[in-house]
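So the chains spell out like this:
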Amino acid sequence: MPVEKPDIQVDLKKYDFKDPERYVYKAPRGLSRRIVEEISHIKGEPDWMRELRLKAYEHFIRRPLPTWGADLSGINFDEITYYIRPTDRQARSWDEVPEYIKQTFERLGIPEAERKFLAGVGAQYESEVVYHSIREDLAKQGVIFTDMDTAVREYPDLVKEYFGTVVPYTDNKFAALNTAVWSGGSFVYVPKGVKVDIPLQAYFRINAAAMGQFERTLIIVEEGASVHYIEGCTAPIYSEDSLHSAVVEIIAKPHSHVRYTTIQNWSTNVYNLVTKRSVAYEGAFVEWVDGNLGSKVTMKYPGIILKGPRARGEVLSIAYAGDGQHQDTGAKIIHMAPETTSRIVSKSISKGTGRASYRGLLRVMKGAKNVKANVQCDALLLNEESRTDTYPYIEIEEEDVTIGHEATVGRVGEDQIFYLQSRGIPEAEALTMIVMGFIEPFTKELPLEYAVELNRLIQLEMEGSVG
Amino acid sequence: MADLVIRDLRVAVDDREILKGVNLEVNRGEFHAVMGPNGSGKSTLAMTLMGHPKYEVVGGEVLFKGENILEMSPDERAKLGLFLAFQYPMEIEGVALAQFLWSAIKARSDNPDALKGKALLDFRKDLEKALEVVKLPPEFADRYLNVNFSGGEKKRTEIAQLLTLRPEIAILDETDSGLDIDSVRIVAEAVKSLKGPDFGALIITHYQRILNYLEPDYVHVMVDGRIVKSGGPELAHMLEEKGYDWILQEVGVA
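Residue numbers (the numbering used here), protein chains in the order written: chain A, 19 to 485; chain B, -19 to 234.
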């Protein structure tokens, strides 16, 4: 029976535009000790940071690529540009941002979003943060929201105390690389008892081809304080692959609450290899809300170390793997103290030749009694050739624990589509509806603007899946 | 010409012919019952009329309001005014009943952009009223479609959808199966209340029970992929009393 192919009107071009390159400084391709020193020199850093970078560089050189996870053999470290400085100085008011960069972010909806509902905004273009602002009343309460480079200069004691304590450079090859060449990223400090009621946001944009972006984010939330941080990432499509390798460290002091939301929509030629980890002290609550739609390859396993009694951790993630994409994502939770609880909810969608893998570690250490942990991973396959794998690692060294684990794999059935169609909903819309319904537990945790944007992105991705 | 005309319809599933030449005409304002033993092809008829891709039409035609609907997708058929109350309604995680039906209403509209504000409020009222008619609490509007509904709740939700979407011809595929007596009465009375010059139904069932409430104008008996006998309501009573054997003998299948 011939059925007309449904047609969805979408704007595929929204993120795929390129600015001409007009940079103040662009490092030559490839990485050397000299380039690491050069980056540190341009930034005018203290000795301790330069030495840390160099140690990390040595470690990066020696450390082999991981042999597990996604295929990283396509990364050519010699072809990557590790540092680009787009402007001389950072703007505090939007008017000061160079016109071409301003246009880029305005096309992406920044700072429109800031005007609407955000407490503060940071925008990073290539290696440097080009714009930063924070709501005045928050600044008055002692909340710091700035870029990492500024933090090294203006808050050296805080940075020195916490930098690299949650993710040391020896953690993995990409953490070492980030520590060696990091630039930009956010620094957030929330003083004791201060509750930041609306989200802080950062926006990351890669523009140049074969660029490496290595932002470094450090969030310190003091006792009883709370904050929600959101980041979004995009890049245009080039024929050469780019590398995004960030490190995020969160320190959640007793009874604090931190939520970190990511909507990653890198173009499909970006290797996205990110280490995100937090440590939660007594009674603290840390949430990672992590959405991965873009990139060629993503390896990311947001981690929570539950260090104090009654600390709570949640990782809620979705991964969308379209044609040629591999999303190797998951979570890492370590229970070190009694009565700590954790929950992992992971949902993945594979379309066409896309591959989504869930890789998770749940560890309960000796002495962590009365632990409760629950892991749920659900995969949805849209086509015959789509693929999903699950690698759940559970290490329990304590007897008095309650662990739940559930994994499901489903396909969108002809019968489900038919059911929705029988009420008048066209096939493509029916499929989108089922996919959106599948990730609804994730979407409902997002601020409205992000939920709407995610809905639009999924709709766009669904185009051409039927007919 | 009748509103729904089925002519010599032949349908195969996995290369096996199930319907072997069905002829039937249904008008708005009429209730038709199709009865028959298990495996006679009743549900195949329902799924084919709505356009399930698994059911391959190998011959014949189906005209709805003068248009050949066999060339249309299921959503186009729905937009034209056809409705199927499923024997086994699907569960859809994360999609609320109200959200689903509102999307359907927009998709069926020629001017979906005009549907907002008051139209949305009216829809919400219609849906809550429909749920009340089938004796479901209003919270069902915001529950995920059929997820964790009992069998009876699913069937009632189908009828609430029917009441909200207001089709011209509805096909009820064994809506009564698995329902207790009270539920059968509730859903039957809800459908009966729609009967009029703008609404007709094709009621597929095994049992006389639902027909006591619906009072069909015509009863058809389907055996082995064909309608072998048609008559008035009295035919249903005879089937209830004597079973199908005498018909099977009469048409020489037994």
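One or more hints might be untrue.
Said to hold, decoys possible - Only some residues are given here: those of chain A computed to face chain B with a beta carbon under 7 Å:
| no. | residue |
| --- | --- |
| 1 | H150 |
| 2 | R153 |
| 3 | L156 |
| 4 | P272 |
| 5 | H273 |
| 6 | H275 |
| 7 | F436 |
| 8 | M451 |
| 9 | G455 |
| 10 | F456 |
As the list claims (entries may be wrong) - Below are the DSS-like pairs computed for lysine-lysine, each with C-alpha atoms no more than 27 Å apart in a straight line:
| no. | chain 1 | residue 1 | chain 2 | residue 2 |
| --- | --- | --- | --- | --- |
| 11 | A | K462 | B | K172 |
| 12 | B | K0 | A | K462 |
| 13 | A | K462 | B | K86 |
These aren't lab readings, by the way, just hints derived from the structure by calculation. Ideal placement from N, C-alpha and C gives every residue a C-beta, glycine not left out.
A quick look at each hint next to the structure:
no.	hint	result
1	H150	37 Å, violated
2	R153	33 Å, violated
3	L156	35 Å, violated
4	P272	36 Å, violated
5	H273	33 Å, violated
6	H275	26 Å, violated
7	F436	5 Å, holds
8	M451	6 Å, holds
9	G455	3 Å, holds
10	F456	6 Å, holds
11	A:K462 / B:K172	40 Å, violated
12	B:K0 / A:K462	50 Å, violated
13	A:K462 / B:K86	23 Å, holds
This entry does not satisfy hints 1, 2, 3, 4, 5, 6, 11 and 12, going by the numbered hints stated previously.
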